[in-house]
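Enquirer: These are the residues of each chain, in order.
Number of protein chains: 2
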Amino acid sequence: MASQKPSIPKGTRDFGPVEMTKRNYIFDTIREVFTNYGFAPIETPAMENLSTLMGKYGEEGDKLLFKILNSGDYLKKADETLLSQKESTRLTTQISEKGLRYDLTVPFARFVVQHQHEISFPFKRFQIQSVWRADRPQKGRYREFYQCDADIVGSNSLMNETELIQIIEDVFHRLGIPTLVKINNRKILAGIAEILDASDKLTDITVAIDKLDKIGYEKVKQELSVKGLSNDQVMKLDPILKLEGSNLQKLHAIEQVLMQSETGLKGVRETQLLFELLQTAEVHIPVELDLTLARGLNYYTGSIIEVKAKDIDMGSICGGGRYDDLTGIFGLPDVSGVGISFGAERIFDVLEHLDLYPQTVNESTKVMFTNFGEKEQLFCLKIAKLIRQKGIRTEIFPDSVKMKKQMNYADQKNIPFVAIVGTNEMEQQKITLKNMNSGEQELLSIEEFMSKISQPLLIKK
Amino acid sequence: MASQKPSIPKGTRDFGPVEMTKRNYIFDTIREVFTNYGFAPIETPAMENLSTLMGKYGEEGDKLLFKILNSGDYLKKADETLLSQKESTRLTTQISEKGLRYDLTVPFARFVVQHQHEISFPFKRFQIQSVWRADRPQKGRYREFYQCDADIVGSNSLMNETELIQIIEDVFHRLGIPTLVKINNRKILAGIAEILDASDKLTDITVAIDKLDKIGYEKVKQELSVKGLSNDQVMKLDPILKLEGSNLQKLHAIEQVLMQSETGLKGVRETQLLFELLQTAEVHIPVELDLTLARGLNYYTGSIIEVKAKDIDMGSICGGGRYDDLTGIFGLPDVSGVGISFGAERIFDVLEHLDLYPQTVNESTKVMFTNFGEKEQLFCLKIAKLIRQKGIRTEIFPDSVKMKKQMNYADQKNIPFVAIVGTNEMEQQKITLKNMNSGEQELLSIEEFMSKISQPLLIKK
Numbered sequence: 016m017a018s019q020k021p022s023i024p025k026g027t028r029d030f031g032p033v034e035m036t037k038r039n040y041i042f043d044t045i046r047e048v049f050t051n052y053g054f055a056p057i058e059t060p061a062m063e064n065l066s067t068l069m070g071k072y073g074e075e076g077d078k079l080l081f082k083i084l085n086s087g088d089y090l091k092k093a094d095e096t097l098l099s100q101k102e103s104t105r106l107t108t109q110i111s112e113k114g115l116r117y118d119l120t121v122p123f124a125r126f127v128v129q130h131q132h133e134i135s136f137p138f139k140r141f142q143i144q145s146v147w148r149a150d151r152p153q154k155g156r157y158r159e160f161y162q163c164d165a166d167i168v169g170s171n172s173l174m175n176e177t178e179l180i181q182i183i184e185d186v187f188h189r190l191g192i193p194t195l196v197k198i199n200n201r202k203i204l205a206g207i208a209e210i211l212d213a214s215d216k217l218t219d220i221t222v223a224i225d226k227l228d229k230i231g232y233e234k235v236k237q238e239l240s241v242k243g244l245s246n247d248q249v250m251k252l253d254p255i256l257k258l259e260g261s262n263l264q265k266l267h268a269i270e271q272v273l274m275q276s277e278t279g280l281k282g283v284r285e286t287q288l289l290f291e292l293l294q295t296a297e298v299h300i301p302v303e304l305d306l307t308l309a310r311g312l313n314y315y316t317g318s319i320i321e322v323k324a325k326d327i328d329m330g331s332i333c334g335g336g337r338y339d340d341l342t343g344i345f346g347l348p349d350v351s352g353v354g355i356s357f358g359a360e361r362i363f364d365v366l367e368h369l370d371l372y373p374q375t376v377n378e379s380t381k382v383m384f385t386n387f388g389e390k391e392q393l394f395c396l397k398i399a400k401l402i403r404q405k406g407i408r409t410e411i412f413p414d415s416v417k418m419k420k421q422m423n424y425a426d427q428k429n430i431p432f433v434a435i436v437g438t439n440e441m442e443q444q445k446i447t448l449k450n451m452n453s454g455e456q457e458l459l460s461i462e463e464f465m466s467k468i469s470q471p472l473l474i475k476k
Numbered sequence: 016m017a018s019q020k021p022s023i024p025k026g027t028r029d030f031g032p033v034e035m036t037k038r039n040y041i042f043d044t045i046r047e048v049f050t051n052y053g054f055a056p057i058e059t060p061a062m063e064n065l066s067t068l069m070g071k072y073g074e075e076g077d078k079l080l081f082k083i084l085n086s087g088d089y090l091k092k093a094d095e096t097l098l099s100q101k102e103s104t105r106l107t108t109q110i111s112e113k114g115l116r117y118d119l120t121v122p123f124a125r126f127v128v129q130h131q132h133e134i135s136f137p138f139k140r141f142q143i144q145s146v147w148r149a150d151r152p153q154k155g156r157y158r159e160f161y162q163c164d165a166d167i168v169g170s171n172s173l174m175n176e177t178e179l180i181q182i183i184e185d186v187f188h189r190l191g192i193p194t195l196v197k198i199n200n201r202k203i204l205a206g207i208a209e210i211l212d213a214s215d216k217l218t219d220i221t222v223a224i225d226k227l228d229k230i231g232y233e234k235v236k237q238e239l240s241v242k243g244l245s246n247d248q249v250m251k252l253d254p255i256l257k258l259e260g261s262n263l264q265k266l267h268a269i270e271q272v273l274m275q276s277e278t279g280l281k282g283v284r285e286t287q288l289l290f291e292l293l294q295t296a297e298v299h300i301p302v303e304l305d306l307t308l309a310r311g312l313n314y315y316t317g318s319i320i321e322v323k324a325k326d327i328d329m330g331s332i333c334g335g336g337r338y339d340d341l342t343g344i345f346g347l348p349d350v351s352g353v354g355i356s357f358g359a360e361r362i363f364d365v366l367e368h369l370d371l372y373p374q375t376v377n378e379s380t381k382v383m384f385t386n387f388g389e390k391e392q393l394f395c396l397k398i399a400k401l402i403r404q405k406g407i408r409t410e411i412f413p414d415s416v417k418m419k420k421q422m423n424y425a426d427q428k429n430i431p432f433v434a435i436v437g438t439n440e441m442e443q444q445k446i447t448l449k450n451m452n453s454g455e456q457e458l459l460s461i462e463e464f465m466s467k468i469s470q471p472l473l474i475k476k
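Listed in order, the protein sequences are those of chains A and B. Using this note's numbering, the first residue of the first sequence is number 16, and each one after it goes up by one. Using this note's numbering, the first residue of the second sequence is number 16, and each one after it goes up by one.
Keep in mind that the hints were calculated from the coordinates and are not lab data. Just so you know, even glycine gets a beta-carbon here, dropped at the ideal spot from N, CA and C. Take these hints with a grain of salt, some might be off.
[To be verified] Distance condition first, Cα-Cα at most 30 Å in a straight line; then the derived BS3-like pairs of lysine-lysine: (1) B:K197 x A:K400; (2) B:K101 x A:K92; (3) A:K37 x A:K467; (4) A:K78 x B:K91; (5) B:K323 x B:K381; (6) B:K428 x A:K281; (7) B:K381 x A:K400; (8) A:K417 x B:K78; (9) A:K101 x B:K91; (10) A:K25 x B:K78; (11) A:K91 x B:K37.
[Said to hold, decoys possible] Here are some of the chain B residues that sit facing chain A, going by a computed Cβ distance under 10 Å: (12) R28; (13) N85; (14) G155; (15) Q374; (16) T375; (17) S379; (18) E389.
[Unchecked claim] Calculated Cβ distances over 12 Å to all of chain A for the following chain B residues: (19) K92; (20) G191; (21) L227; (22) G231; (23) I255; (24) Y314; (25) R361; (26) I407; (27) N452.
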């Protein structure tokens with residue numbers, strides 16, 4: 016076969032050792048915090064039945080699902096008319112019954128329903144896996160990327176929202192990223208629309224409010240008129256548009272507006288209680304009520320959470336909320352869930368940009384033995400074994416090639432120590448240890464070498 | 016939409032928390048040993064271009080690849096004749112240009128060639144990722160499963176084989192699985208066929224030798240005759256069929272037979288040197304020369320390695336070998352590679368069967384606080400925060416429901432300690448700590464509680 020120039024599908028990526036170590040640092044941090052709060056790991060298959068996935072992400076989402084061609088003679092039962100008319104869309108489900116997961120939430124809902132009798136509720140699970148979307152690839156948008164989700168299902172308590180925000184605080188504290196948490200409640204938004212007698216205009220209203228900072232009070236009012244709100248309706252919205260003060264002051268103002276909406280007042284009370292819980296839990300990162308926060312509006316039914324990195328324009332790096340009936344579609348109604356999802360790709364970019372990776376992510380092998388030939392490599396094998404038993408990462412250069420090549424290898428792999436063993440060293444039963452940072456070399460006894468190599472590296476930033 | 020009974024594609028699996036923890040124990044062990052020998056992690060995309068995958072696993076392999084349907088109007092450019100004649104196989108590449116990876120070796124070869132200028136050789140990488148095969152699912156055979164591979168490319172040295180066998184020893188020592196390593200060398204097999212002037216019958220010969228234990232010396236000779244070997248040829252094979260003694264004795268006998276085969280003698284010398292290196296490295300697990308070992312015969316060009324668990328009939332739990340020109344197909348010839356792959360699924364089964372999981376894999380949350388209401392949960396939030404800061408996994412039951420339900424939850428989740436905080440405890444600023452194993456309860460001050468909960472659990476097996 017002729018040789019081919021290798022490439023990978025657009026929108027996908029290879030991760031080399033350096034990127035992997037950085038990514039694992041992020042995943043390990045998130046995983047550690049999740050488990051510290053009692054969340055347990057699960058994994059679901061990359062492929063789900065298309066019937067599980069279709070219709071869950073809207074019409075656009077259906078198109079963005081990667082579909083797997085059925086195995087074997089997949090055209091056998093396909094409709095001939097559809098084939099001859101090249102009806103791609105309608106043919107799809109006849110030749111494909113599986114798709115790659117699009118997110119972790121729908122597979123999780125499916126998991127909960129399928130395993131409901133093995134699960135003890137409330138079920139706290141986390142899941143760190145890839146998802147796939149046939150989106151147009153662009154900067155920062157990939158067709159394969161990781162999601163890191165934590166959800167609790169089977170509990171209505173606001174303790175869960177509290178815990179998720181504590182998790183957000185812990186994760187970003189450990190990563191060293193200064194963040195701002197914004198929260199909202201779908202019930203407040205619904206209440207506002209209800210009071211205005213404009214439940215159908217919920218999206219228009221939140222979009223308009225969202226522009227307050229940019230276009231100002233008067234223009235927002237104009238926009239709301241254009242969207243069909245009467246003067247009277249816009250007047251009622253006035254206190255909302257002029258919200259200011261602390262979170263509790265804002266909530267108080269909203270409460271006054273929503274006096275006639277049972278749903279709205281419920282949203283206010285939930286949010287008040289959440290702030291109280293966060294205060295007790297001594298959450299120190301800023302948490303701010305933001306009525307314009309409407310992510311996944313058609314999806315969430317209660318709290319909505321979004322996290323932004325301060326001092327860097329990167330969009331949301333974590334988000335989530337409460338959905339009251341996610342498992343209903345799979346036959347298990349009235350199970351409330353609340354969850355958050357960390358955006359690993361953006362967190363990676365933030366850490367790169369702010370240069371926040373700890374020195375340890377650059378460490379791979381601690382000591383490499385040079386290879387001067389068969390006798391020397393036998394000597395090194397014995398010493399290397401002793402060091403590895405102490406859990407110290409050790410390599411022996413496998414080939415007896417030029418010293419320069421061996422040193423280059425150590426250098427490029429960022430190995431801090433090279434142990435040089437030649438005829439002289441072997442005769443004296445000693446090892447020359449070269450510090451690759453300082454360039455210093457020392458002739459050491461095996462005991463001295465072992466002791467030196469066992470010391471922790473000085474962390475330099 | 017009507018609710019649907021949830022299920023997953025056949026041959027795939029969900030992993031719940033208990034399985035996940037056990038699987039992670041296996042992956043973590045393997046990953047730790049790999050890094051201890053200086054192997055660095057990489058990841059490749061789940062989807063590769065079909066041109067990368069097709070033709071690499073034989074005709075049967077091509078059929079077992081999961082293919083991804085192209086996005087959008089995938090039928091637009093499809094050949095109308097193929098469509099009307101329902102030519103599934105020939106149509107495939109017209110409507111699909113991506114497939115799911117089938118193993119980690121081909122994507123690795125593609126990675127090495129694509130990134131050859133960023134890599135410093137010899138390149139030691141490990142990769143722990145899922146692979147997908149459209150195989151008929153059966154007991155122990157899945158359509159999605161993990162592979163754990165370590166390979167070195169760009170070095171011909173037998174130090175690499177030595178290191179891989181040391182890795183095998185370390186991994187199974189840590190996991191507590193008694194194992195037997197079998198090794199062979201493709202060059203010895205080729206030499207035997209050469210001496211017999213029957214290079215085309217290499218497979219027949221190894222298959223026949225493989226039956227020696229089962230059907231005996233005479234029947235094997237009969238079988239070889241049936242396969243077309245002359246009496247003279249079978250005679251020459253005699254010393255091979257009667258091999259016995261230590262590895263070195265066997266090698267000596269083989270050497271006598273192969274005196275006229277340059278390739279064969281090369282294989283003998285390589286194997287002798289490998290045994291010498293293993294002895295110096297003080298490898299204690301049994302390593303046995305086995306001429307019948309022919310896994311991946313058309314693939315490997317030098318050493319062949321296979322590992323079996325002792326005392327349990329489970330087939331191979333790890334295997335590998337050397338391939339001299341894997342990257343040639345992607346345009347980079349003459350780069351030798353050698354690698355091993357751990358079979359995580361079978362290792363999982365062996366650990367289950369021999370009950371070898373350490374107690375720690377069952378630990379999730381260490382302490383759960385009960386929830387008796389809003390005041391109590393505020394009290395618990397503060398204490399829980401202090402404990403989590405010590406890295407102790409802690410939960411607060413989120414809902415103020417019946418005590419029995421809360422205790423059941425702790426019980427099912429295998430949580431060893433429950434902290435009970437009611438009105439009495441709050442008044443006294445104390446906590447009742449219940450040991451879920453012994454059933455004992457103690458009323459403790461917050462300091463006593465903190466100290467007690469910080470002690471390591473006694474490990475019981």
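Enquirer: So, against the hints stated earlier in the document, which numbers end up violated here?
Expert: Violated: hints 5, 6, 7, 8, 11, 14, 15, 16, 19, 26.
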